[in-house]
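Student: Chains as they are written, first to last, in full-length UniProt numbering: chain A, 1 to 791; chain B, 1 to 791.
Hints were generated in silico from the structure; no laboratory data involved.
No false leads were mixed into what you were given.
Here are the simulated DSS-like pairs of lysine-lysine, each with C-alpha atoms no more than 27 Å apart in a straight line:
#1 721(A) / 706(B)
#2 719(A) / 706(A)
#3 706(A) / 706(B)
#4 706(B) / 719(A)
#5 706(B) / 719(B)
#6 721(B) / 706(A)
#7 719(A) / 719(B)
#8 719(B) / 706(A)
There are 2 protein chains.
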Amino acid sequence: MVWDAGMRDEQIPLLDAWWRAANYLSVGQIYLRENPLLRRELVAEDVKPRLLGHFGTVPGLNLIYAHANRLIRERDLSALYIAGPGHGGPGMVANAWLDGTYTERYPSVTRDAAGMTRLFRQFSTPGGIPSHAAPETPGSIHEGGELGYSLSHAYGAAFDNPDLTVFCVVGDGEAETGPLATGWHGNKFLNPATDGAVLPILHLNGWKIANPTVLARIPEAELESLMRGYGHDPILVSFDSTDAAEEVHRRFGAALEMALDRIADIQTAARENGSSERPAWPAIVLRSPKGWTGPVEVDGLPVEGTWRAHQVPLPSARDSDEHLQQLADWLRSYRPDELFDDEGAPLPETVALAPRGDRRMSATPHANGGLLRRDLDLPDFRDFAVDVDAPGSSDAQATAVLGEYLAEVIRRNPRDFRLFGPDETASNRLAPAVYAVTDKQWNAQTIPLDEHLARAGRVMEVLSEHQCQGWLEGYLLTGRHGVFNSYEAFIHIVDSMFNQHAKWLEASSQVPWREPIASLNYLLSSHVWRQDHNGFTHQDPGFLDVVVNKSADIVRVYLPFDANTLLSTYDHCLRSTGYINVVVAGKQDSPQWLSMDDAVRHCTRGLGTLAWAGTETDGERPDVVLAAAGDVPTEEMLAAAAILRERAPDISTRVVNVVDLMRLQSEDAHPHGLSDADFDGLFTADRPIIFAFHGYPWLIHRLTYKRTGHGNLHVRGYKEKGTTTTPFDMVMLNDLDRFQLAIDVLDRVPGAAERHAILRQELHDRRTAARAYTREHGEDEPDIEGWRWHG
Amino acid sequence: MVWDAGMRDEQIPLLDAWWRAANYLSVGQIYLRENPLLRRELVAEDVKPRLLGHFGTVPGLNLIYAHANRLIRERDLSALYIAGPGHGGPGMVANAWLDGTYTERYPSVTRDAAGMTRLFRQFSTPGGIPSHAAPETPGSIHEGGELGYSLSHAYGAAFDNPDLTVFCVVGDGEAETGPLATGWHGNKFLNPATDGAVLPILHLNGWKIANPTVLARIPEAELESLMRGYGHDPILVSFDSTDAAEEVHRRFGAALEMALDRIADIQTAARENGSSERPAWPAIVLRSPKGWTGPVEVDGLPVEGTWRAHQVPLPSARDSDEHLQQLADWLRSYRPDELFDDEGAPLPETVALAPRGDRRMSATPHANGGLLRRDLDLPDFRDFAVDVDAPGSSDAQATAVLGEYLAEVIRRNPRDFRLFGPDETASNRLAPAVYAVTDKQWNAQTIPLDEHLARAGRVMEVLSEHQCQGWLEGYLLTGRHGVFNSYEAFIHIVDSMFNQHAKWLEASSQVPWREPIASLNYLLSSHVWRQDHNGFTHQDPGFLDVVVNKSADIVRVYLPFDANTLLSTYDHCLRSTGYINVVVAGKQDSPQWLSMDDAVRHCTRGLGTLAWAGTETDGERPDVVLAAAGDVPTEEMLAAAAILRERAPDISTRVVNVVDLMRLQSEDAHPHGLSDADFDGLFTADRPIIFAFHGYPWLIHRLTYKRTGHGNLHVRGYKEKGTTTTPFDMVMLNDLDRFQLAIDVLDRVPGAAERHAILRQELHDRRTAARAYTREHGEDEPDIEGWRWHG
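Could you build the full structure based on these sequences and the hints that come with them?
Tutor: Written out as structure tokens, the structure reads:
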């Protein structure tokens, strides 16, 4: 191994200058409110009253950044930097200020002493910037709050970006998380010819908040085996606090160079020589002390190289003379006078190795994906419409119809649209249509039996919802489009990733220079009402409850109730930016209700009366409103409406369907919210409302509690009653079936239960008989079909 | 490698008989409703109308089970079987029926033809049993619905069970999930002397639902590296469909034997020779065809060894003569006449190798942990009380006080209580107390700098919420006790695991032979209101919304508002069984409100008036109810009450605190629910209620929408407004601060805003000034303290 292949001797002081400058600026952010350049003696009042931030991981991040800079320039690379240890926010900010991007984005943070003071003061302070890499940080697509997603984001960014190199720093803390541990396998899905490169840099600084890390405490041979087992060819490089800076730069520079050489070889083999072998991609394992270059000992206890360096190594710098002196010594150890000019601007030598313009990692448009995003070339969704001569007269599988549409979207957008799923794309019926136009991208071994696998393809399938979500986030954040399709129950696996992405979008919308990225679109199928055969574990519609807690500016929830409403909804979602669109739709053969023209009108409003299903007289308020959201609830409600129309024609009904759930909220709570007047006009202010809902019933109450007629609202939904049974038994178990809904109407319309006592008893008996039949025969009673909607 | 060290030739036919019998019974469950023994020709009507279940993984599971049986008997092992590919439910049921446990648990499922018919019919059918391994399955502690947790459950079961061997079958599908991928590192935390053994058996059958699996499609050398990197010494054994049964049994038997020999050696070295080295534990990699022993080809397409064998290999057995004939041939290939007697009972040779009594894996009490659970030896929590002379007169850190109590719990229960956390036990202030009595268990490398690490200890810390949750579940399900402490925001990472455990508990409560296990106790600290410094990503109280969706029989939510109420709450939690207790508590210095006697009284009721804080006159209803749940909201509400008492004494107030959130629900919705009369008595039916809530405000509406006075309820809580700021700015951002709460009262008590216009303006100005001060100085205005509660 030749350790210093390409580095020239004169580059070493330049690398070291950047490293010292970035470290100095990082420490400054954590500690200083005045005296940024240490041009006078440091006094207690120069130190912030509240010391926040994390120093431990920063020097390693800065070292990598400095060396990446050199090689970006020398090789004219387009590169993105992902800081998995996102606590190292001060480092990322420092690098962006050094290369000038920070001042371009935030002109008040000038490249002089005043700007440096502002840079320091704003850090982790009210009205300032977060302590982690965040949407506010130039060059970042990766928030450092919740850990575990750096590799998934890196692969997502690299897909379809053949000219991009992603430096992905993996912290040894986050390396213990599940999502990160499976994230390594992204390399089985990366195509060296058509995708970019990910260079994982496992940064072992040995400690978490208060514990050692697992990967830092296994023998070197075991760690190397692990990296090889992940499919990497590891380059191990270790430093301790006694290594001279020159030695550090020579060895790390050579390691990075070697890694980039190998990537170049791999890409040449794939792109010019047609190799289709999965290569052993390089990965760097960088072992360095936590809190490197910081205080060795504080109050008699070792700090550098220990967990005590995780956050603020000198916690009493403002209150203790000794700590203050140590802080001054520490800051001066970076020799700021050699790094910044009299005005406080970085000296030319300090930034001599930095790339220029968009090649700066903090300025790359890949980290501000909205700049690169182009609108999708979408077909006319009406071309995929299901014919509906009369409501309920034909059956179709909604997701299969959507699959035909998505296939055409894929065909027209071969470079910037992908479909992600945890081995459920076929199960959710998007196949076979999508596999007629593309394949699943798979760069592991193949055998002749395989179907629809290819080295490059638009469908990404891995049995990890975390990977699907993380890849899609990375893909969107770098300016592309996509859909995540999954089983409804198991999307809870990524609740926390959803939360974090929603927070990212919310915070990004306040950052003026961030351009809007494409919405993150979920398609949840195999939903609660049709998981009868898989049983209780597969029955959970509660993701919607998680979603509606996030900012109304970001989240949208749609429950299209047939194929045409699903098509219209998805067309809207794929055109939108800045949102998270959650769409729940069925995959089973189900009645179709609206013609395409009606579907478009209905979806445009987001909710509305199904006039053909109710019996109200023009100009008079109905006796009852029958509302529904979701395909199965709407089918049940329409069947109940038919029963009532025929058997209790004296009851005047209005049938309402809700596709856009956020319409139910008040207009001050959500931009889609109906005005109170419109709400009252549709639902009435004083009539009973029987609402059949796809999810947990109380969600409807939570959305409507401020409405005038809320006291009249009676919601049926999934109340956590489930088991292995039949589809109709599932709705009966939860009192959402047509018979119970009709009973609910009779019970709530004044006088109806008495007038229709016989019907009521008959409905009750039908339920009892249906349940008994199912228990006896293991299937639904055939003549329940006779009680369905008929026009 | 000696491949058949201990197996005797005459054992091979016995192993094969069990394997064939288990496979036969598994296929029977998927297909048959009549003619269970094939004593007459198979006709279409014998086949179920709806074919459900998953055959693909079953033969491998059954092979492992058969061979484990042999070695359990020969070595008198206590063993637990975890079927990671839980879809293989029919296999687990078949094995339990063969060894007699099934009939002992379900006497109607007799060991004869009639019982076999019942066994087949009940499978995956309404009123029957789920298609996955489930609470209903004897011997299972691991649901097969959501994938990824088998290894975590296995390690949880093995901790503190030195005599237990856990055979943990890992499916190659689930191996792609994040939680499973990090689950391998459990071996760094296992002590070979004081814990049991986990034998992972990675079962590579090559396919998921519709895709190959990653680990089946990497070169053998890479896979072996991966296993070594995980710290295992792998034993690879591969079969294809052409291998003769004898060959299969010889080789797999020898592999299992070798693995158990190594485990025995490791345990001897640790237990008798005092070795403290982390050993390379054995792991088996079993490569076998998916749908092994099933139809090779169906309708001209290959099935055995492909993804087509995942579920039902012959989908048209009832409708197609050809499929029916194939099914008959398949079933007869197991030679049922040689396996079962004339009555349908297993022949002695079929079950000759099965262990007896509790040694049967389906009968082990470790899989019915309630049998082994003993009550904890708990100290009197009153001994840890904080002195409270007058409400608000002293400060304490609630979780630090709890830490003192938990330390004593640990001291008294050295073998069956553990504390789990993702590197946050110290940060959440349970340290230093707990480390005075125990250490963190850590079997990876150590260095002299380490503190509180030991080969055995009661605290388990790994930076993976999934591992913490999975380990604790495994520990509880095998009859022990524990607490999971975590940051509030990031507990969302395990939303889906929480859901699945709640479903397991709910389903278990319906299984008569399952004894109750200890509750799963969460301690969520570093909560939303005190994550001001970490910023927006760390602010999320929404786990409570996920929790309350689950069955009211299972979930409990507590928001103790000081140290003494936390102690009283936790004493209750640690005594309970069958629940999931979610406790949110602060770790910062905060005012203490109740003496221990008052705290016990208050917590026993779960909610109640803080009479000392209100100004209502006996016998008259107050003008307004000031309610709060959570420590920060209560502090703010009490400050508001003090302001009003002093400045608007004409307003008669009642202050209510809610510790047990479920008391707010109706009594028909939750067993803790207050009656409407009691609710109205406390909150009034007609007075305004200003409610300061810890979490998202609409959760309170969702819990109370049926209450008479709901229309008068005005809730303040976290409305997703967050950033990097100060604690008081956080409450101001969300309108939960004392000034706004007092304004809310003035605005809602009729006439008060007019009467107290000056006060209202002053409060408004205070808010504006406080926000400005924080922006200016980066800290809270010091004299906000002057507006705190004073008695």
